Amino acid sequence: MKKLFILCYLCMAGLLSNACHTLFVDDNPENTQLNNFDLVWSQTDEHYPYFQEKGVDWDAVRADYRPRVSNKTTSEELFGILAEMLGELRDGHVNLVSPFNISRYWDWYQDYPRNVNWNVVDSAYLRKDFIYTGGIKAQKVGNTAYLWFESFGVTLSETGMKYIINKFKDCKGFIIDLRANGGGLVSTIYQLGSYFVTEKTNVGCLRYKTGKGHNDFSDYYPEYFIPNDEGISFGKPVVILTGRQSYSAANIFPGLAKSLPDVTLMGETTGGGSASPLSIHLLNGWILRMSNFCMTDLNHRTFEFGVEPDLRVDFSSTLEKNGKDSLIEAAVRYLNQL
Amino acid sequence: MKDFVCRCLARKWEMLVCSIVFLSLGVAVSAQPESDSIRIVKVSDKRRAILFVAGIYQMRNTYVNPLTGWGIPVGLYVPCERYFRKGVMNYEIRFNAGIPLSGVNPTVFVEAGYSHYYHFRLFTSAGKRFFAYAGGGLTVDIDTDYNIGAIGNNSVSVTGRTDLQPSVMLKYRFTLFRKKRAFEITQQLSFPVAGYAFLPKYGYMAYQSFSDDDEKKKIEIGTLSTSLHNAWGLSARTCIDWRWRQREHRKGSYLRVGYAFDACRINYETRHQKAAHQLMVGMVRKF
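These protein sequences, in sequence, are chains A and B.
Using this note's numbering, the letters of the first sequence correspond one by one to residues 239 to 576.
Using this note's numbering, the letters of the second sequence correspond one by one to residues 81 to 367.
Rather than coming from a laboratory, the hints here were simulated on the basis of the structure.
Watch out, some of these pointers could steer you wrong.
To be verified - Examples of chain B residues toward chain A, derived with CB under 8 Å:
hint, residue
1, MET139
2, ASN145
3, PRO146
4, LEU147
5, GLY183
6, TYR226
7, GLY229
8, GLY232
9, MET285
10, ALA343
11, ARG345
The structure presented is a predicted model; accordingly, all values stated were derived computationally and were not measured.
Every residue gets a Cβ at the ideal spot worked out from N, C-alpha and C, and that includes glycine.
Could you put the whole structure together from the sequences, leaning on the hints where they help?
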């Protein structure tokens with residue numbers, strides 16, 4: 239009898255503990271098309287920070303799109319409806335990732351003329367003997383140092399940056415080309431920024447969502463460029479070349495650097511995107527990405543819609559045909575005049 | 081039957097109270113003095129165990145993902161006990177890693193914790209078979225959740241927590257197999273009543289945790305005074321010690337198998353919920 243009791247007791251103890259775990263962890267809703275739609279809508283409603291700036295009535299968007307979804311909607315149809323709904327946000331950082339397609343909003347550069355031709359840059363300016371370190375291709379152009387930086391998705395090499403700065407220390411200035419840079423790591427923004435300052439410098443502001451309401455934001459917090467450990471900086475005027483394809487980190491960086499005295503932005507307005515996105519899994523395994531914070535300049539003007547250049551320079555197809563890049567040529571002239 | 085289970089699950093608080101009462105009552109009832117006496121030796125002064133644990137967990141950390149995921153936790157527990165005339169001091173070091181098996185929340189976690197309790201002896205049965213203790217202690221836990229499927233800046237969450245926990249411990253000694261094998265069941269239940277938690281704020285950006293700029297780090301960590309209104313949990317341990325070819329509770333090495341249930345829930349700007357059922361197997365050394 240005692241053995242039976244002990245056995246029953248241990249079984250019941252396990253079963254009851256198992257039952258009471260529902261006290262601590264909420265269950266997921268059922269994986270249905272409607273629940274997935276609601277999850278996308280509600281998570282965007284809670285986290286997306288630019289409803290006001292973009293004038294998007296998210297409740298009205300729901301009212302438009304939800305009737306198009308039922309639990310009989312196919313996955314492909316659901317993807318199309320959700321992609322269209324998310325497109326209302328006009329945000330390159332908003333994506334829906336499914337196994338068969340990725341929704342995206344790329345109008346920020348597809349609706350504009352291009353302002354860079356890589357083949358021209360490669361053959362006429364970088365040529366064959368450029369320095370290639372930490373994602374940067376560097377070459378002397380005239381009396382300036384030209385740095386082609388294609389992605390913020392890399393971590394800069396400190397040794398490489400030190401080498402480049404020393405190698406071109408006698409040049410009149412540096413040209414950093416971000417025209418084909420689609421962004422990357424936020425940390426690389428600050429890493430590159432560390433070569434622009436000799437002391438901790440406030441270059442912009444940041445605020446983030448503090449709650450689910452559309453206006454639940456933190457205060458603006460200062461963003462700094464902090465000198466690197468070795469105290470190396472360009473120490474010369476810097477021209478940053480921008481275009482519509484300069485997006486996300488390549489949009490934030492010129493936005494922050496613009497406040498520095500020796501920095502000039504040249505080219506086109508950048509593509510926009512002023513946040514690093516967060517990601518959320520859905521019940522069907524798809525992933526929703528969206529912006530979740532706001533980076534601004536010192537006057538709290540958002541970078542979301544792009545950063546205006548200090549000097550607007552158009553891309554010249556005529557010069558392109560002659561194997562020249564109008565923006566690089568303009569930057570070289572500008573630095574030589576200083 | 082399904083309806084009955086659903087109704088039971090819906091009445092969560094009643095289930096919790098019933099569970100605690102049942103778990104306590106069970107040991108108490110089975111601990112009634114019996115006529116067949118066994119040779120009882122002096123209670124050991126110290127016990128030190130090392131236990132490998134594995135089981136199943138469910139978790140939801142709305143900072144890294146709004147959905148609940150599940151997986152397999154594996155870890156190591158090192159519980160120790162030191163007996164005094166009036167009670168027992170227990171402390172436990174825990175290390176757990178969770179391997180996700182869920183497609184909707186592929187979050188890995190690594191957690192480490194330390195508990196320190198003191199239990200006063202309330203009751204000893206006439207045959208020195210049953211012991212009841214009550215007391216409390218302090219626990220400290222650090223939990224890192226990493227969503228391996230995330231492609232954004234909310235992939236990592238670090239949560240710290242320290243709590244005051246009342247605790248009850250019951251022990252029962254018995255023999256089986258015609259009194260040739262001596263066993264000891266220990267049951268401990270504790271739950272947090274007040275404490276402090278450190279956890280990510282709603283819109284915190286994970287990458288800033290690694291920033292060189294100290295000012296950024298300051299703004300990201302939320303601190304929260306916890307009590308039963310915003311955080312609750314339960315820690316239950318049931319284990320059986322026995323020694324091969326030994327009919328007495330003596331000093332030496334014993335085999336220990338057991339079951340651990342650990343759960344916690346914090347409602348803050350983000351919600352942290354975790355429950356794990358784990359089997360424990362290891363050795364205990366009684367000095």
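Now for the hints, and whether the structure bears them out:
The beta carbon of MET139/B is positioned within 8 Å of a beta carbon in chain A (closest approach about 7 Å), and the interface hint is therefore held. At its closest, the beta carbon of ASN145/B sits 5 Å from a beta carbon of chain A; the interface hint therefore holds under the 8 Å criterion. With 8 Å as the threshold, the beta carbon of PRO146/B comes within range of chain A, its nearest partner Cβ sitting at about 6 Å, so the hint holds. Annotation: interface hint on LEU147/B holds; nearest CB of chain A at approximately 5 Å, less than 8 Å.
The restraint placing GLY183/B at the interface with chain A holds, with a minimum CB-CB distance near 5 Å, inside the 8 Å limit. Checking TYR226/B against chain A: minimum C-beta separation of about 13 Å lies over 8 Å; hint violated. Here the hint on GLY229/B is kept, as its CB sits about 6 Å from the closest CB of chain A, short of 8 Å. At a threshold of 8 Å, the smallest CB-CB gap from GLY232/B to chain A is about 4 Å, leaving the interface hint in force.
Because the smallest distance between the Cβ of MET285/B and any Cβ of chain A comes to about 6 Å, under 8 Å, the interface hint for this residue holds. With a least beta-carbon distance of about 4 Å to chain A, the hint placing ALA343/B at the interface is held under the 8 Å criterion. For the restraint placing ARG345/B at the interface with chain A, the shortest Cβ-Cβ distance is roughly 4 Å, inside the 8 Å limit, so the hint holds.
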